[in-house]
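Okay, here's what each chain looks like letter by letter:
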Amino acid sequence: MLDQAKTPFEIRDYIRQQLFPHFMCPGCGHGIALRALLWAIHDLGIAKDDLAIVSGIGCSGRIGAYIDANTFHTTHGRPLAFATGLKLARPDLHVIVITGDGDCLAIGGNHLIHACRRNLDITCLMLNNEIYGMTGGQVSPTTSSDRYTTTTPEGNYEPVFDACKLAQGAGAGFVGREMTLQTPSLKKLIQQGIAHPGFSFLEVISDCTEIYGRKNDLGESAEMVLSQKADFRSASYGMIADEVFQPRNVKTGVLYKDDRPEYAQAYRQKIASRAKK
Amino acid sequence: MTTAVKPVKAPNTPPLTIPRPHNVLIVGVGGQGVIMISKVLATLCQEQGFEVKQSEVHGMAKRGGAVFSHVRFGEIVHSPTIPEGEADVLLALEWAEGMRWMPYLRQQSGTFIADTQRIVPPFACRNRTRGARTGYVGETIQTVMEQVENSFALDAMGIAKQLGVVKAANTVLLGALSTALDFPTEAWKSVISKFVPPQTTKVNLLAFDAGREWALGFDRESELRNIKDTRSLHQESTVEAGADYSRVEITEEWCKGCDICVKFCPERCLIMNEKLIVEMAEPELCTGCRMCEWLCPDFAITVHTPNHVPL
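Protein chains in written order, with our numbering: chain A, 13 to 289; chain B, -2 to 308.
Hints may contain errors.
[Claimed, not checked] Some chain A residues close to chain B (C-beta under 7 Å, calculated; not the full set):
1. 30
2. 32
3. 33
4. 40
5. 43
6. 44
7. 232
8. 233
[Unchecked claim] Below are the DMTMM-like pairs computed for lysine to aspartate or glutamate, each with C-alpha atoms no more than 25 Å apart in a straight line:
9. 260(B) with 22(A)
10. 36(B) with 264(B)
11. 241(A) with 264(B)
12. 260(B) with 174(A)
13. 241(A) with 271(A)
Please keep in mind that the hints were generated in silico from the structure rather than gathered at the bench. Glycine residues also receive a C-beta, built at the ideal position from the N, C-alpha and C atoms.
Let's have the full structure, built from the sequences with the hints guiding it.
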């Protein structure tokens, strides 16, 4: 299914150009994630009419508005709930959910675990920038320890949420993680996620330069993505990479894959067998 | 099976019974099978009752480095290395390596067998602009064939590809080599069967036959004529490829001046201007790697490359 496209990828065919330049801050990694998503959609050869983008609230939620496809801007934390209804009603659509770390893990945490459990054929793209950027820089479940935010003036002392482990534990069919610096790998990961029949949870490591990076003196976007590169290692390295080189021991790439039955299909079969009786 | 083909002796091969050892120099690039060829040849010579000495250098082979192997056999062999200008057969698995070792080939009587495959080494790619000329050897098949009388240039990789296994290219060359040495075909085949993985024995023997057939059916005069015909076409196409360069298109009104493209450009050809908008400073340095396009969060950069190669 991968690589259906015959023409070169032109991003301007997939965005609403009249809304550009977009509202995101200079150097925000969400733009790179948006490019990777559109590139993956192009390479899979999915028509814009067959695509439904559902997004929540926050910086990540605003991404949906810039995509020239069927887009759905929903309430805070609930994009997965809306997407579940959409997918059940229209199983022919490729439903892609764009959500942020706070949107997905804190406010919509319950929706996430149940979407994972049902294993509905949705691709959930969680853009993790470790902060609630749009609402003023509050601490989020993925904020690293000892980082300063407006709600943690003494530094964050809460443990960090591992979203991929949560999704895997809750039963997602496909779990992956990639950072924005590795754009081609991120594109390939999103491609695999969309192609996977079942719930795909993809964590995209993004960077918030203006609100998180500046407050914590992490430098500009280039410095932030380089420090991510130092922190993350491809899962294919396995145990070969030394602990010393994995300060946070965070793996990227395809982390988990399972061919469990897909929910919408199983649901329809059940209904059909009921109708025959 | 067919009966043994009567070995054909190349016209200028010296008789094997003379006390002077017979020298075969095998050169190539790491991973092509130079060592495998020399092992087969050395074992075969040993089985035929000759004294054999073999020495090889494969230092940076795994990094695509050069590999060479000297095989000397005869009644008595003293030194394991071949002196310059004394190789009776020079077998090159890669074109540039063959050119590099050409001084080792014996003048007039030496046989040169080469695969026309080109593996461009990194040091020949100093100019990294897309479509630029590489520093690869300039000698063409034609010039070599005109200078060396016993020269065979074959597309071993292409022959192996037709058989379905690209890795068997070195066995194709072994087949070609077998026509230059006076050993029975069956002996060659039995030694090859010992050295290749059991599941590939059949295809390797087919490759050996294909290489041998190619060398036996080789007609020098017609080959030279063919090369002259295709050469003029080939030259035109290379001139075209060198003329186009990649171009970076910057949408100024979308750029927010985040600096990420300037910091990540591997060739350092972008700068921030006084309005804090990215600008192409040195377009001739751009290789069209698309790093800036991928990392621009505002989609302000589009790279136009002459030949679009999707990842």
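Status of the hints after comparison with the structure:
no. : hint               : verdict
1   : 30                 : violated (12 Å)
2   : 32                 : holds (6 Å)
3   : 33                 : holds (4 Å)
4   : 40                 : holds (5 Å)
5   : 43                 : holds (3 Å)
6   : 44                 : holds (5 Å)
7   : 232                : holds (6 Å)
8   : 233                : holds (5 Å)
9   : 260(B) with 22(A)  : holds (24 Å)
10  : 36(B) with 264(B)  : violated (44 Å)
11  : 241(A) with 264(B) : holds (20 Å)
12  : 260(B) with 174(A) : violated (30 Å)
13  : 241(A) with 271(A) : violated (31 Å)
Hint check: violations occur at hints 1, 10, 12 and 13; the rest are consistent with the structure.
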